[in-house]
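Enquirer: Chains A and B supply the protein sequences, listed in that same order.
Residue numbers are given in the UniProt record's numbering: position 441 of the first sequence equals residue 441, and the series is strictly consecutive.
Residue numbers are given in the UniProt record's numbering: position 131 of the second sequence equals residue 131, and the series is strictly consecutive.
The reader is advised that the hints may include incorrect statements.
Straight-line C-alpha distance at most 27 Å; calculated DSS-like pairs for lysine-lysine [unchecked claim]: (1) K94(B) / K226(A); (2) K81(B) / K154(A); (3) K172(A) / K94(B); (4) K81(B) / K152(A); (5) K110(B) / K150(A); (6) K110(B) / K172(A); (7) K145(A) / K90(A); (8) K239(A) / K151(A); (9) K110(B) / K174(A); (10) K81(B) / K151(A); (11) K81(B) / K150(A); (12) K110(B) / K226(A); (13) K239(A) / K226(A); (14) K110(B) / K228(A); (15) K70(A) / K81(A); (16) K81(B) / K138(B); (17) K110(B) / K151(A); (18) K94(B) / K174(A); (19) K73(A) / K98(A); (20) K90(A) / K22(A); (21) K81(B) / K174(A); (22) K154(A) / K110(B); (23) K22(A) / K77(A); (24) K110(B) / K81(B); (25) K152(A) / K110(B).
Here are some chain A residues the structure puts well away from chain B; computed CB gaps all over 12 Å [said to hold, decoys possible]: (26) K81; (27) E88; (28) R94; (29) V229; (30) D233; (31) P240; (32) P254.
Keep in mind that the hints were calculated from the coordinates and are not lab data.
Since the structure is predicted, the reported quantities are computational estimates derived from the model, not experimental observations.
Where is the CB? At the ideal position from N, CA and C, for every residue including glycine.
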Amino acid sequence: MEKSITVVQKTVVLEPFIKLVKLLVRIFYDNYTPESDNQQKTAKNVRGTAVIVLDALARRQWVREEDLAKELKRNAKELRKLIRHFEEQKFVMRYHRKETAKRAKMYSYAVGGPIDGRAEDNVKFHTHSYCCLDYAQIYDIVRYKLHRLKKKFKDELEDRNTVQEYGCPNCKRKYNALDALRLISMEDDSFHCENCNGELVMECNKLTSEEVVDGGDNARRRQREKVKVWLQDLEVELKPLTELINRVKDLPFPAFEPFPAWEVRAAKAARENGDLNPNDPSRSLGGYGSTPMPFLGETKVEVNLGEGKEDVKSKGGDSSLKVLPPWMIKQGMNLTEEQRGEMRQEANVDGLSDDKKSVMESGDDNKDLKDEYLKAYYAAILEQQKLAAKLNQQESAGESTTTDIELAATSSDRQVGMKSKREEEEEEDVEWEEQASVTANGNYKVDLNVEAEEAEEKEEEDDDDIDWEEG
Amino acid sequence: MFFHIVLERNMQLHPRFFGRNLRENLVSKLMKDVEGTCSGRHGFVVAITGIESIGKGLIRDGTGFVTFPVKYQCVVFRPFKGEILEAVVTLVNKMGFFAEAGPVQIFVSKHLIPDDMEFQAGDMPNYTTSDGSVKIQKECEVRLKIIGTRVDATEIFCVGTIKDDFLGVINDPAAA
Numbered sequence: 001m002e003k004s005i006t007v008v009q010k011t012v013v014l015e016p017f018i019k020l021v022k023l024l025v026r027i028f029y030d031n032y033t034p035e036s037d038n039q040q041k042t043a044k045n046v047r048g049t050a051v052i053v054l055d056a057l058a059r060r061q062w063v064r065e066e067d068l069a070k071e072l073k074r075n076a077k078e079l080r081k082l083i084r085h086f087e088e089q090k091f092v093m094r095y096h097r098k099e100t101a102k103r104a105k106m107y108s109y110a111v112g113g114p115i116d117g118r119a120e121d122n123v124k125f126h127t128h129s130y131c132c133l134d135y136a137q138i139y140d141i142v143r144y145k146l147h148r149l150k151k152k153f154k155d156e157l158e159d160r161n162t163v164q165e166y167g168c169p170n171c172k173r174k175y176n177a178l179d180a181l182r183l184i185s186m187e188d189d190s191f192h193c194e195n196c197n198g199e200l201v202m203e204c205n206k207l208t209s210e211e212v213v214d215g216g217d218n219a220r221r222r223q224r225e226k227v228k229v230w231l232q233d234l235e236v237e238l239k240p241l242t243e244l245i246n247r248v249k250d251l252p253f254p255a256f257e258p259f260p261a262w263e264v265r266a267a268k269a270a271r272e273n274g275d276l277n278p279n280d281p282s283r284s285l286g287g288y289g290s291t292p293m294p295f296l297g298e299t300k301v302e303v304n305l306g307e308g309k310e311d312v313k314s315k316g317g318d319s320s321l322k323v324l325p326p327w328m329i330k331q332g333m334n335l336t337e338e339q340r341g342e343m344r345q346e347a348n349v350d351g352l353s354d355d356k357k358s359v360m361e362s363g364d365d366n367k368d369l370k371d372e373y374l375k376a377y378y379a380a381i382l383e384q385q386k387l388a389a390k391l392n393q394q395e396s397a398g399e400s401t402t403t404d405i406e407l408a409a410t411s412s413d414r415q416v417g418m419k420s421k422r423e424e425e426e427e428e429d430v431e432w433e434e435q436a437s438v439t440a441n442g443n444y445k446v447d448l449n450v451e452a453e454e455a456e457e458k459e460e461e462d463d464d465d466i467d468w469e470e471g
Numbered sequence: 001m002f003f004h005i006v007l008e009r010n011m012q013l014h015p016r017f018f019g020r021n022l023r024e025n026l027v028s029k030l031m032k033d034v035e036g037t038c039s040g041r042h043g044f045v046v047a048i049t050g051i052e053s054i055g056k057g058l059i060r061d062g063t064g065f066v067t068f069p070v071k072y073q074c075v076v077f078r079p080f081k082g083e084i085l086e087a088v089v090t091l092v093n094k095m096g097f098f099a100e101a102g103p104v105q106i107f108v109s110k111h112l113i114p115d116d117m118e119f120q121a122g123d124m125p126n127y128t129t130s131d132g133s134v135k136i137q138k139e140c141e142v143r144l145k146i147i148g149t150r151v152d153a154t155e156i157f158c159v160g161t162i163k164d165d166f167l168g169v170i171n172d173p174a175a176a
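Using the sequences and the hints given, assemble the complete structure.
Expert: Shown next, in the form of structure tokens:
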């Protein structure tokens, strides 16, 4: 039962989400092949990889891409390309890290894979990538995809509100109907490019452009029928997906933490479960440590945690009662049993003083006594506080007087010393002096003037340097 | 859409207009200056309906011109996306047709003309339905919906459609 506590923390992916991913990839990515140079050659192998990969990812959490490749018996490079594509599609979170064998070991340990095999050849730093499905985002992406799909078809169907676009076949410049006034030429009744004076052609929407090149209205009508059928087909075929989305809508999304956090946690869990899990067939079969289903599927949330909680609660309660500050006691005077217990503890805590002891002895059930005791206690505290306050006041008063005296002394010093100081250390001193006077008297300008005048006089007396005075 | 709003403008008046009729001169100059102009913000100024206030004039140094801040009420016309307008066709070509609704120019491209209307070239180019019952040509009136506007500082241009219910020709001069 101990291990259940650790398992609790693991993110649980609900079945509908996995279903969603599986369905999604079958619908949209069944034929997807990552672009590659020798596509014909690899196309055969690659087809359907997307389905396999996402299915595999749905069974795991964070997984090292190389390991995934090995498990799926795929070319790591191609797999990486595919995952990169899915990253761009925002289906997958990725994490790249340069790591040594040691770090790699940590990961292996975290997911319960064999450790020693890898350690030998990984002496240098290698960049490893880890990936993980991002269910919340997948959900959003799917909805967005569907929305865009439908919108595109609908726009196509009733191209009412689309502003016609025109393109120049020569210089590839694009115009739209809003530029029409500028584009029209006097010679003939077609639009001409502003740039090269080439005749502009209407740009058809991408969906229809394959067939309607110059087809006229009949072709367009046919096209529209086609689009209509497409739209219907689309809705029929995507029905399972939309239903699934509606189901998923209200469920809590499985949220994975970023890889480092996950790794640390998983490692911890692995350590704690160490004696239980390594024999797990799924793990040993997996070889290179992918995260097997137990992380995802089984919820082991139950009972033990609850007990633990209770224990903690009562303990915590005790401790908190012990440190309960005296001003809480007022509330404690209410009648419940617990609070009485509280009181006792409180008394225990403060039990050192002799008065309290006596109260304690008599006081278990006798509230009046307690009351009185408390009153006395508070009165004492109050008195103490007052005393302290008085003392403080006196002290502060003393301080203030002393500071006053000091201030006076300094100020007098300054006044007395002004001249002499200036004679000694000229510029800086004077500046300081000015500032002081300014801050002291709110009246800025006047003060400066006075200051300046004074300074002038002094300067004249001094006959030393008039320069700084001007500045 | 039309709006009745108050605008303000600084009018410069030549000294020769100073006299008993200063105010009238000022107003007539204002009308001459403002009516028919277009600003991207307010649209076309159709007509001045009244003067709110004329501020104190300021004599410009050197010239003797006097600047009066004038507040005036006016009717402005500004086309909006989605607005339905009635317009007169001014030009028909194979790309579509141009129409005018007062000061506003509107272009209706070919694919926003109902699919059953075909372009007929000739000395009077037009769009005609296959049975010839409806014909869009120069000078005829159409009701159209604005689907896009381009608003510059001094110019407004619109793109419209007649591919919707109750849009299209509302009066055909050839048939009449």
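Enquirer: So, for every hint listed, does it hold in this structure?
Expert: Here is how each hint holds up against the structure:
no.: 1; hint: K94(B) / K226(A); verdict: holds (26 Å)
no.: 2; hint: K81(B) / K154(A); verdict: holds (20 Å)
no.: 3; hint: K172(A) / K94(B); verdict: holds (21 Å)
no.: 4; hint: K81(B) / K152(A); verdict: holds (21 Å)
no.: 5; hint: K110(B) / K150(A); verdict: holds (25 Å)
no.: 6; hint: K110(B) / K172(A); verdict: holds (21 Å)
no.: 7; hint: K145(A) / K90(A); verdict: holds (12 Å)
no.: 8; hint: K239(A) / K151(A); verdict: holds (16 Å)
no.: 9; hint: K110(B) / K174(A); verdict: holds (17 Å)
no.: 10; hint: K81(B) / K151(A); verdict: holds (20 Å)
no.: 11; hint: K81(B) / K150(A); verdict: holds (23 Å)
no.: 12; hint: K110(B) / K226(A); verdict: holds (21 Å)
no.: 13; hint: K239(A) / K226(A); verdict: holds (20 Å)
no.: 14; hint: K110(B) / K228(A); verdict: holds (21 Å)
no.: 15; hint: K70(A) / K81(A); verdict: holds (15 Å)
no.: 16; hint: K81(B) / K138(B); verdict: holds (24 Å)
no.: 17; hint: K110(B) / K151(A); verdict: holds (22 Å)
no.: 18; hint: K94(B) / K174(A); verdict: holds (19 Å)
no.: 19; hint: K73(A) / K98(A); verdict: holds (24 Å)
no.: 20; hint: K90(A) / K22(A); verdict: holds (16 Å)
no.: 21; hint: K81(B) / K174(A); verdict: holds (22 Å)
no.: 22; hint: K154(A) / K110(B); verdict: holds (19 Å)
no.: 23; hint: K22(A) / K77(A); verdict: holds (23 Å)
no.: 24; hint: K110(B) / K81(B); verdict: holds (19 Å)
no.: 25; hint: K152(A) / K110(B); verdict: holds (20 Å)
no.: 26; hint: K81; verdict: holds (40 Å)
no.: 27; hint: E88; verdict: holds (32 Å)
no.: 28; hint: R94; verdict: holds (41 Å)
no.: 29; hint: V229; verdict: holds (17 Å)
no.: 30; hint: D233; verdict: holds (23 Å)
no.: 31; hint: P240; verdict: holds (35 Å)
no.: 32; hint: P254; verdict: holds (43 Å)
When the structure is compared with the earlier hints, no violation turns up for any of them.
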